[in-house]
Every structure is written in C-alpha cells, then in structure tokens.
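Kindly produce the complete structure, drawing on both the sequences and the hints.
The primary structure of each chain is shown beneath.
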Amino acid sequence: GAVVSQHPSWVICKSGTSVKIECRSLDFQATTMFWYRQFPKQSLMLMATSNEGSKATYEQGVEKDKFLINHASLTLSTLTVTSAHPEDSSFYICSARDGAGGTYNEQFFGPGTRLTVL
Amino acid sequence: GENVEQHPSTLSVQEGDSAVIKCTYSDSASNYFPWYKQELGKRPQLIIDIRSNVGEKKDQRIAVTLNKTAKHFSLHITETQPEDSAVYFCAAGGGYQKVTFGTGTKLQVIP
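So the sequence lines, in the order shown, correspond to chains A and B. Counting along the first sequence from 1, when you hit position 63 you're at 71 in the numbering used here, and nothing is skipped either side. Counting along the second sequence from 1, when you hit position 103 you're at 111 in the numbering used here, and nothing is skipped either side.
Source of the hints: derived by calculation from the structure; they are not laboratory data. All the given hints hold, so there is nothing to weed out.
So the derived label-pair ranges between C-beta atoms look like this:
#1 A:S91 - B:T111: 25 to 33 Å
#2 A:G61 - B:S20: 45 to 53 Å
#3 B:Q89 - A:S62: 42 to 50 Å
#4 B:S20 - A:D73: 42 to 50 Å
#5 A:P94 - B:K65: 42 to 50 Å
#6 A:S81 - B:D35: 29 to 37 Å
Anything over 10 Å on all C-beta distances counts as not near chain B; from chain A, calculated:
#7 F36
#8 E71
#9 S81
Note that the Cβ used here is the ideal one computed from N, Cα and C, for glycine as well.
This is the structure in structure tokens:
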C-alpha cells in the first residue's frame, strides 16, 4: 500500500525558533498533500492543502506567513513553523493523495510529528 | 464549508457487543465518507469508506450506512474486541477535494 513518511517524529525547540517538518510519499506521486494539526483529545484540523508546483491553500484562521508550506516535488512537502511559540505545540500530521488516480480520494497519512515549544 | 458532527464522543461496550457511531454532514455536495481509527499517538488509519452512490458497505465486522437525503452516515462494529478500542473519526468530502473530520468518538471495549 501507499506509504507516507514524516520527519522528524518529534521535535523540541525554543520559543522564537523555526521548525521544518517534511512529508514524503515513498511509493507514489502525490499531487496533493494536506497538513493537519491535532491537539490532545481533539480532532484533526486541516491547516492547508498543498499542491505540487503551486501555492498552498490555507484554511480560514491559519496564518500563511507563520506556517510556510512548500510542495516542490511530487513526493515532498514541507511545513515550516516560523517563530514558534508554546501555543504552537501540537501533533502535526500530513497526508498525501495518489495523483495517479489510485483509490478514489483516499488519503494516506504520515505518522505525525510531535512539536513541543518551550 | 462542510461541517461534520459526530456522536457519541465516548462509547463503552462489553466485548462481543456492537458499537454504533453516527455522523451528520451539512454540504449536500459531499460524496465521499471515510472512517478512520486512530490509536493514541499514531496516525489515522482508514478502516472503511463509502461513496454517495452506495447506501451500505460491509467489511467483515465493520459496516457503514449512508443516508444522503438525511445527510447522515453511521459506522457499525459488530462482535467488538478489546483491540477495537481507539478513537474513531468520520469525515466527509467531495470528489478529489479535502475532507472535513468529525470530532471523534473514543471507543472502549471492556473485556
């Protein structure tokens, strides 16, 4: 089946620093990737939709200058949390959709990145 | 945009009993309804999905029903086992677009 990896799996950083999270589709080409944020005991909240070669589409209330998304290739999307603050601490999960028309609309999720900002 | 409501938020059942989780959605254009199982600290796993041209789908102990007129869909798990304990999310979306997740149901199967 389709495999999506994320790196790092966890990161601890100081307030004010920037953190980059990578999302890779390992065995398929992902024309679209999604970035979610999940707080403890809550649902997955979509932050943005990332399309290869174009600008990401951000959900209402998500600051695009704070959460920088780059989808430079069909297998890699990155999320950079700039000037991180403690309230940005969360579980960040990406998902990817097979651009070759595989299973209709199924998203394959990465394992997530636990971000802790001190 | 789409709004998905999910009930109940927590559900405890005895091993072997059935569990039912219900979701409603708001956007009549949605035509894809996946269900995910998420264990603590792990990624969501697709367990079953249904498209709007189908009213019911079954996969072993798991079944999903869809009522497009009423805009609701349900997950049914029969003969529950302790390993079914997890958080379950419904979601709704359209075509090749994004999906919106429900608020989640924490299922506990008591041995």
